[in-house]
Amino acid sequence: MNAPIRVLVAKPGLDGHDRGAKVIARALRDAGMEVIYTGLRQTPEMIVNAALQEDVRVIGLSILSGAHNAIVPRVMDLLREREMTAVKVIVGGIIPDEDARELERLGVFRVFQPGASLDAIVNSVREAIDC
Amino acid sequence: MSGSHGNFATLGGIPVEACYGPEDAGPPAPPPGQHPCTRGIHESMYRDRLWTMRQFAGFSTPEETNRRFRYLLEQGQTGLSVAFDLPTLMGYDADAPLAAGEVGRCGVPVSSLDDMETLFDGIPLADVSVSMTINSPAAPIWAMYLVAAEKQGADLSRLSGTLQNDILKEYIAQKEYIYPPRPSMRLVTDTIEFGARHTPRFNPISISGYHIREAGSTALQELAFTLCDGLEYAGWAIERGMAIDDFAPRFSFFFNAHNDFFEEIAKYRAARKLWAELMRERYGAKDERSLKLRFHAQTAGCSLTWQQPYNNVVRTTLQAMAAVLGGAQSLHTNSLDEAWALPGEHAATLALRTQQVIAYESGIAAEPDPFGGSYFVEHLTTELARGARQYIEKIDAMGGMIPAIESGYPQAEIARASYEYQRRVESGDAVVVGVNRYRGSDAAGPEILRIDSSAETLQTEKLRLLRARRNNEESTQTLNALKRAAETNANLMPPMLDAVRAHATLGEICAALKDVFGTWEERPHI
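Residue numbers (my numbering), protein chains in the order written: chain A, 1 to 131; chain B, 132 to 657.
One chain only, chain B, in its complex shape (with noise of 0.2 Å):
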C-alpha cells in the first residue's frame, strides 16, 4: 500500500523500503515442519493433502442450511462450517422476545437436540469434520451436537472438528458475550479437559483473530492479542491441573486474510514462529503436535464493497492465495455479495471454485512455502514477530489478557485503529477501488438472498411443541442439576450433556447458568 508523499507501508503501518538483502532478511528459518515451523507445520505441506475447503454457511431454519450443507458437499466441499444466528450465539431461543426479527437471519437457528438433528440429517458425523461457530454458549451447543452424533451411531472418540468456543475474543472484537470472563473461562476449559479424555479428534477451541482483525485491528494487534489469547487458554487448563501436552494438540487457531499480500503471508509465518518459541518457554511444551499451530483462515469480510460487488471476486482471490501461501490447513472464501447480505448460492459456489483454482490450477500447492528466503518476506515476518512480542509483554504486565479485557486495554487499541484507518480512507490516502476511486458506475447488483419471517414463526411452532411433548419434569430435573454443579468446580459437560438428551432447550440451559454466573456488560466506550 501506498502512502502519500511517497511513504510506503504496509496496511498494519510497516514500513516498506525499496530493496531488501540478505542483511534485513536474518538467519534462515529451518526447513517446513522443523521447529519452530516458520515455513510450515508439515514436510509437504500441500503435496500430501490440500487445505480443507470449509466454507462456512448457515441461514432461515435448520432444514434450508441442510439443504446448502448438502448442495456444498456435492460441489466438492471438504468439510462443514456451521453458522448460527444472532438469538443461538447470544444464548437465546427462537422465541424468545429478544429473538423477534432476529431468527435465521444471520445464520442458522439452533434451540434444541432436534434441531441439531435436523442440521445434520443424512450427513454422517463420523466422517463429516464440522466447524462450529459458537462462543458463550459453546459447551450446550456442543453438547447437542456430541448427542446428535451418538443418535446417529457415531463413536465420540472418531469425530472430527472444531468449536470456535474462543470467549476472549467476544469481549475484545465481537462482543457476543453471556456471562462474565472468568465464569466463561472456565465454561471453555470444562469442553478442553473433556475433550481431552472423550473427543481426541475434536479441536475443542479455535483461537481467533479473524474478529479482532474484522473489528479493524492492525495485523500486528490481530497477532499479539490471539497468541496472548492462546497463553491465557492454556494457562487455564494447567491450572485446573492438565499437562501441557494432554491438550495443547487439539488447539487450533483463525486467523483473516486481509488485503496487504505480504503481510499477511508474513503474519501466518510469524504467527507459527511464535507460537512455538511460547509454548516451549512458557509452558515446556515437549510434545511436537503442542507446538505446532494449526489454523484455519478466512478472507476479510470488512474489506469487501458494496459498491461494484463484483470486484470482491478479485479481492478474495488475493487474499485466498496469501492464506495459501502462508500455510492455512483450512480455508473460507468469502462470496461476492456479502457486502449485500448473505451468500446466495451462485456466489457461494462461485467463492469455493475460488480455491479450487487456487489448489488445482495455480501451481501455488505444489511447493511449500515458496516465499521463504524472501528477503521482503523475512524482513516483515521478524518484524512482526518483534512487535507481538512487545504486545504479549505489555499484556503480561497487566496480569494477563483477563485484567487487560477489564481495563478496556485490547478494545481501545482496536477502535483506535478501525477509527485511524477509515480517516485514510475519507482522505484518499487509503484506496478503495469503487468506493472512494475508480467509482464509475456500478454494474447492477447481485442477486441477494432474502430471508422473510417465516423462519421465526416456523422455529417458534417446533419450540411449543417440543414443550409439549418432552417429559418436562425430567427436563427440569436435568437444569437444576446443572445449576448444583455450576456451584461447585465440578466440569460441566456430563450435567449439560443430560439437560440436552432431556430434551432442555439452549436458552433454557443459558438461562440457568445466568442464575449462577451472572452476565457482562461492557462500558460503553467511544
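This is chain A alone, in the form it adopts within the complex (with noise of 0.2 Å):
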C-alpha cells in the first residue's frame, strides 16, 4: 500500500472564517489522507516553509477575502524559487472567473469556487499527486 498523501491545508491572509478550511482538512483526513492544517494568518513565506517542512505534495489555500491576486502569486513565486514546483497548489475561495482563470495560468493546479463538492476536491488533490 502506498504512503498517505500529505496536504498541507492554509489559511493566509487577515481573515478568521475558518470554517471551509476546516471543513475540507475533515474531509481530507476522513479521505486517508494526512492533513496538516495551519491555522490562521499565515504569510506566503510560512505557507512554503511548512510545506517543505511537513514534506507535503499538495497546499490548499482557503481565501474568501478578495486577497487571492496579492497572496497566490507570492505562494507560486516562491515555491519556484525555492525549487519546490512538485508541490501543487489548490486554491478554494470566493474567486471570480477571471481571476480563477488567471491563477490558473500562474499554475494554481485548480480553483474551487464556492459550492464545489467534497468529493471533487477530494478527487483533485488525488489527480494532483498523479499528474
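Take the hints with a grain of salt, since some may be wrong.
Said to hold, decoys possible - Sample of chain B residues at the chain A side, in silico, Cβ under 8 Å:
#, residue
1, Arg236
2, Gln438
3, Glu557
4, Trp651
5, Pro655
Said to hold, decoys possible - Reference listing, derived: stretches of chain B covered by chain A, where coverage requires no fewer than 3 residues with Cβ under 8 Å from a Cβ of chain A:
#, stretch
6, 226-232
7, 303-315
8, 344-350
9, 485-495
10, 547-554
Source of the hints: derived by calculation from the structure; they are not laboratory data.
From the three backbone atoms N, C-alpha and C, an ideal C-beta is built for every residue, glycine too.
Starting from two chains that each stand alone, build the complex the way the hints lay out.
This is how it looks when you write it as C-alpha cells:
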C-alpha cells in the first residue's frame, strides 16, 4: 500500500473565517490523507516553509477575502524560487471566474469556487499527486 | 427540512412530529411586552414603530463608502451600519505590510480620525443611528467615532447606535482577535462603563450569535453560546463595581436569520425568555429594560449560493420574514450577489426593497408575535430554551465562557456541527437548490463590484500626509500615556480619546496596547 498523501491546508491573509478550511481538512483526512492545518493568518513565506518542513505534495489555500491576487502569486513565486514546483497548489474561496483563470495560468493546479463538492476537492488532490 | 427515510427534523436536528397539539405547547406565554417577553419586548411591536432597516455597507475608501451611505439613506434606509476592512478589523493601518492586498476589499479602511470624519461627512451623527461592526479594536474605533461626532457639534449624550464589541464570539467563531481574552474583556468592560456614564443612548455591545452560526453552528448552539457570552460580559461589569441595572439596559444582541423558518422564529422567542429569566436569576436585575433582549438580525450569508444567484433573493426573503415574525428590532437583508463579491448597488437596493415589501405590503407588521400559541412554534421554543439551558450549565461547569474558549470547547462543537452539515449536503440528505439538486443551467452571474488596488494606494498616501502633518511629539506622548494607563486598572477610554484627538492612528493605538497586553494565537485544530 502506498504511503498516505500529505496535504497542507492553509489560511493566508488577515481573514479568520476558517469554516471552509476546517471542513476541507476534515474531508481530506476522512479520505485517508495526512492533513497538516496551519491555522490562521499565515503569510506566503510561512506557508511555503511549512510545506517544505512537512514534506507535503499538495497545498490547499482557503481565501474568501478577495486578497487572492496578492497572496497566491507570491506563494507560486516562492515555490519556484525554492525549486518546489512539484508541490501542487489548489485554491478554494470566493474567486471570480477571470481571477480563477489567471491563477491557473500562474500554475495553480485548480481553483474551487463556492458550492464545490467535497468529493470533487478530494479527487483533485489525488489527481494533483498523479500528474 | 426533511431527513432521509421519512424522518423529519429542523435544520438543527430537533425532531419534527406530524402534528402537535395543546399538550406540546405548554402554558400560554404572557402577552408581548410582559415578562419574560417571549412574545416580544413591546406591547404593540411594529404597530408603533417598524424595525430599523439597517444595511451593512463598506468598501474601497471612506469617500466611496460615504457615497453609498448617503445613497442608502436616500432610498429610505433608517440606520447606518459600517463594514470595516480586514486590516481595520485586525487593528492595522492601511499602510501596514500585513495589510497589503486587503485594503478596502471586505469593508472600508479607517486608520485615522480623518478617515472617520470623511466616512460621515454630511451625515449628522446626532440624528442618524450608526452600528459599527468592530471588535478587537472597538475601543479606539469608537473613540474616533465619538471625536468625529463632537467635531460635528453633536452632544455625546444624544448619540445613538451600536458598537459590536463582542470579543468572545471572535475567539469562538470569527477569529478576528488581537489580544488574549482577559485584557480584551477589560477593554470591553471599559467601553461598557464609559458608555453608561457618557453615552446613555448608545449600545456599547452587540452580543452576537450571527458569526457563531455562520461558522457552522446549529440554531441551538448559536442561542446558547450567545447567551453565555452575555452572562460573561454582565459578570465582568458587575465585578468592575457597576450595578446591573446601570448597564444591562444597553446590552443589545445580534442573531442570524437562517433557512429553517419555524426554528428561527422559535430561537428568537426562546432567546428573549431565557435572557429575562437569567438576568433575574443570576444578577437580580430589576429594571425591566435590563430583562428585555433587543436584537438585530441579519439573513444568513452562509446560505447564499454562487450557483443560480437569483435564488438568493427568495432565501433572503424567507429568512427576513422569520426575523420579523420573531420580533427583531433591526434587520439587514443580504444581497443576492454576496456569494460572488461585496454587494453592488443594484443588488443592495433590491435587498433593502425586500424589507420594505415585508414591512408595508405583507401585513406581517400589523400583529405582534403572530405565531404565539402555535402548538408547533411554542413546542420548538420550549425545546430550544431547554437545550440552551443544558449548554449554559455545561459552560458554567467549565468556569464560564473564557475557560471554555481556552479549552476549545465551543470551537470544537461548531466545527463538528458544520462538518456534519456539509456531509449531509454531500450526500444529498440536505438539499441546496441549484447546488446539489435542480442544478439546471446557471443564469448569467450578477454584475459584481470589483475593488481595485487604488484604494490601497490612496489610503497609504493619506497616512503618509497625516504623519507628516500632525504633531508627532504630541501623538507619541498620548500613546505613552495610554500604555501607562493600560498597566493600571484605569478605564482606557479617556486616554484613547486623547490619542485620537492627537491623530494617533488605529495601528499605533493597537500596537501600544499589544506592548502591554501581548497577542493571542489559537491552537490550530481541525
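Hint compliance check: list the failing hint numbers for this structure, sorted ascending. Hints 4 and 9 contradicted; others consistent.
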